[in-house]
Amino acid sequence: MTLRSSAGRPSQLFRNLNSKVALIPMMLVALVVFLGGTIWTVVYSFTRSGLLPRLSFVGLDQYERLWAAPRWIISIQNLAIYGILSLIFSLVIGFVLAALMDQKIRFENTFRTIFLYPFALSFIVTGLVWQWILNPEFGVQSIVRSLGWSTFEFDPLYNSDIVIYGILIAGLWQGTGLVMCLMLAGLRGIDEDIWKASRVDGIPMWKTYVLIIIPMMRPVFITTLVLIASGIVKVYDLVVAQTSGGPGIASEVPAKYVYDYMFQAQNLGQGFAASTMMLLTVAIIIIPWAYLEFGGKKRG
Amino acid sequence: MANISTLNSTAAGFDAVSPQVAGPSGRKPRKVLSRRNIILYGLLIVAALYYLLPLYVMIVTSMKGMPEIRMGNIFSPPLEITFEPWAKAWASACTGLNCDGLSRGFWNSVRILVPSVLVSIAVASVSGYALANWRFKGSELFFSILIVGAFIPYQVMIYPIVIILRELGIYGTLTGLVIVHTIFGMPILTLLFRNYFTSLPEELFKAARIDGAGFWQIYFRIMLPMALPIFVVAMILQVTGIWNDFLFGVVFTRPDSYPMTVQLNNIVNSVQGVKEYNVNMAATLLTGAVPLIVYFVSGRLFVRGIAAGAVKG
Numbered sequence: 001m002t003l004r005s006s007a008g009r010p011s012q013l014f015r016n017l018n019s020k021v022a023l024i025p026m027m028l029v030a031l032v033v034f035l036g037g038t039i040w041t042v043v044y045s046f047t048r049s050g051l052l053p054r055l056s057f058v059g060l061d062q063y064e065r066l067w068a069a070p071r072w073i074i075s076i077q078n079l080a081i082y083g084i085l086s087l088i089f090s091l092v093i094g095f096v097l098a099a100l101m102d103q104k105i106r107f108e109n110t111f112r113t114i115f116l117y118p119f120a121l122s123f124i125v126t127g128l129v130w131q132w133i134l135n136p137e138f139g140v141q142s143i144v145r146s147l148g149w150s151t152f153e154f155d156p157l158y159n160s161d162i163v164i165y166g167i168l169i170a171g172l173w174q175g176t177g178l179v180m181c182l183m184l185a186g187l188r189g190i191d192e193d194i195w196k197a198s199r200v201d202g203i204p205m206w207k208t209y210v211l212i213i214i215p216m217m218r219p220v221f222i223t224t225l226v227l228i229a230s231g232i233v234k235v236y237d238l239v240v241a242q243t244s245g246g247p248g249i250a251s252e253v254p255a256k257y258v259y260d261y262m263f264q265a266q267n268l269g270q271g272f273a274a275s276t277m278m279l280l281t282v283a284i285i286i287i288p289w290a291y292l293e294f295g296g297k298k299r300g
Numbered sequence: 001m002a003n004i005s006t007l008n009s010t011a012a013g014f015d016a017v018s019p020q021v022a023g024p025s026g027r028k029p030r031k032v033l034s035r036r037n038i039i040l041y042g043l044l045i046v047a048a049l050y051y052l053l054p055l056y057v058m059i060v061t062s063m064k065g066m067p068e069i070r071m072g073n074i075f076s077p078p079l080e081i082t083f084e085p086w087a088k089a090w091a092s093a094c095t096g097l098n099c100d101g102l103s104r105g106f107w108n109s110v111r112i113l114v115p116s117v118l119v120s121i122a123v124a125s126v127s128g129y130a131l132a133n134w135r136f137k138g139s140e141l142f143f144s145i146l147i148v149g150a151f152i153p154y155q156v157m158i159y160p161i162v163i164i165l166r167e168l169g170i171y172g173t174l175t176g177l178v179i180v181h182t183i184f185g186m187p188i189l190t191l192l193f194r195n196y197f198t199s200l201p202e203e204l205f206k207a208a209r210i211d212g213a214g215f216w217q218i219y220f221r222i223m224l225p226m227a228l229p230i231f232v233v234a235m236i237l238q239v240t241g242i243w244n245d246f247l248f249g250v251v252f253t254r255p256d257s258y259p260m261t262v263q264l265n266n267i268v269n270s271v272q273g274v275k276e277y278n279v280n281m282a283a284t285l286l287t288g289a290v291p292l293i294v295y296f297v298s299g300r301l302f303v304r305g306i307a308a309g310a311v312k313g
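Sequence order for the protein chains is A and B. When the count follows our numbering, it moves up by one through the first sequence with no breaks and lands on 300 for the last residue. When the count follows our numbering, it moves up by one through the second sequence with no breaks and lands on 313 for the last residue.
Check before you lean on any hint, since a few could be wrong.
[Claimed, not checked] No more than 16 Å apart at the CA atoms, straight line, and that leaves these computed lysine to aspartate or glutamate pairs for EDC-like:
no.: 1; chain 1: B; residue 1: K88; chain 2: B; residue 2: D100
no.: 2; chain 1: A; residue 1: K20; chain 2: B; residue 2: E140
no.: 3; chain 1: B; residue 1: K275; chain 2: A; residue 2: D193
no.: 4; chain 1: B; residue 1: K275; chain 2: B; residue 2: E140
no.: 5; chain 1: A; residue 1: K104; chain 2: A; residue 2: E192
no.: 6; chain 1: A; residue 1: K104; chain 2: A; residue 2: D191
[What the hints assert, rightly or not] Restraint ranges, calculated between C-beta atoms of paired labels, are given here:
no.: 7; chain 1: B; residue 1: G138; chain 2: A; residue 2: R106; range: 20 to 26 Å
no.: 8; chain 1: A; residue 1: S146; chain 2: B; residue 2: T175; range: 23 to 29 Å
no.: 9; chain 1: A; residue 1: S244; chain 2: B; residue 2: L52; range: 25 to 31 Å
no.: 10; chain 1: A; residue 1: M216; chain 2: B; residue 2: F83; range: 49 to 55 Å
no.: 11; chain 1: A; residue 1: P215; chain 2: B; residue 2: I39; range: 22 to 28 Å
no.: 12; chain 1: B; residue 1: R254; chain 2: A; residue 2: L225; range: 35 to 41 Å
no.: 13; chain 1: B; residue 1: F220; chain 2: A; residue 2: E108; range: 36 to 42 Å
no.: 14; chain 1: A; residue 1: V21; chain 2: B; residue 2: I293; range: 26 to 32 Å
no.: 15; chain 1: A; residue 1: S244; chain 2: B; residue 2: R254; range: 17 to 23 Å
no.: 16; chain 1: B; residue 1: L52; chain 2: A; residue 2: I88; range: 35 to 41 Å
no.: 17; chain 1: B; residue 1: G138; chain 2: A; residue 2: P215; range: 25 to 31 Å
No wet-lab data here; the hints were simulated from the structure. For each residue, glycine too, the CB sits at the ideal point set by N, CA and C.
Hey, can you work out the whole structure from these sequences and the hints?
Below, the structure is given as structure tokens:
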């Protein structure tokens, strides 16, 4: 057997030929689009590309202009506020819901279906529904006022100071169901004996959660964290649908900056520089995680 | 008897506070209306109401007439049920100069969805199969690049893809968009299929090899029939994902072939004309209907799909 394969085959290249042919699309995507495209964008972010990409290098000019642009600064601030708050809230809400669901309740499937259905909807639909609910003339604000509290003010979509929280409410509504599902899967993976042991020792339930269960679920938390975080960086459709970046530029986000500069302002260099910054943000989140997760042991 | 024992185990699960150790006969069955149950179900019901509220608001708003919307509040049920907003959203709402409603976007989305789902799943299932059973030197490296690529923001790769498609002469066409969906669906779908095929017993593959079956024969005769559940999961993932896509629709199609999400956004957020909130909500519901139906019909498979597809973020 070994003899035949070493002497009989003419070339290493034609071994598994069918498999190589079948994987051509995947290899092209990995090399040309993912690797090549990323390098291309990073390289062109150092050029003076305007309407069309061209290779005349200007060093870090694009980045200096980027960080001097008020719109970009606001985008980054919004992303930071939205990102940190939605990480905290979706982890907390997701975990609490999962813990409640894990109490061997009745109608578990019904509750799960209800908590998760927003995740099936697109960000566009989510954004438009919440735009309507938060409408100050007809929505929550007007209803609370009509109940007698006439000075009540809650108009996040028209108030540039709090507009990002309006988007946060919609984003949490759409995404916490998924977090709940991941957490529930994690909780179901915990050995029943742990619960029995803590009960024998008379440890209160909340303490068992905080001191034993949550530390045991560290991998689930980290994976969820990475998934939410890399989704947050990409947030785009939600803002487009809910506020179109307004009022003014108060709810701009980096992904929208990239799109607008690439396809509307015809200022490609800015678009490339901004998207490279997005890549950098994701890298800062992903690399430590990948290192923790896969460092040391080999993948495969 | 069975009933009592389940109740006991339910109670035993949570009464960690009590120091008593249950005797051999078990504790007495809990009452349904215990304090713990009231708090537990109370919290769950409040949360459920919050999640259901927007769907409810969408439905009632879409069935009211405009005068009623201006008068009443958004949570009150319609006094007079009307389906006119639905008809208008479907057939005559305006985006710019076109006034043929969302139906155009719906059919565009269908035209995008069907080939995109088929092509992306076909390519990814073959790739996953090759990666699981026919490894060669370097195949794992390509796979790693692909998985890392799943985390790269789309915005980084969009422009190079525009250039590639333009060079190929298919920028702005349906073919181009199908290719884009295939590319970005590839990491997660390939992972899904690769893991599934790896989990199948190896003897199956070896036996087929000894019987003289080749690459494609094993794929079509053995792997494909065995992988039907995972094909359904992949399909759910892709149907909802592609239907809900907005960014690729905007970037890679021309206005007359915009998918439904893009057209919906244009209808609702158009600055001209009087805002017709009932038509807007009907249009929103219509756009959300396809993924919602997929979700409610598929149930547990959807959960399985998103657990795997969460990477897509």
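Checklist line | Structure-inconsistent hints, enumerated in ascending order | finding: Violated hints (numbers, rising): 3, 4, 7, 8, 14, 16, 17; every other hint is consistent with the structure.
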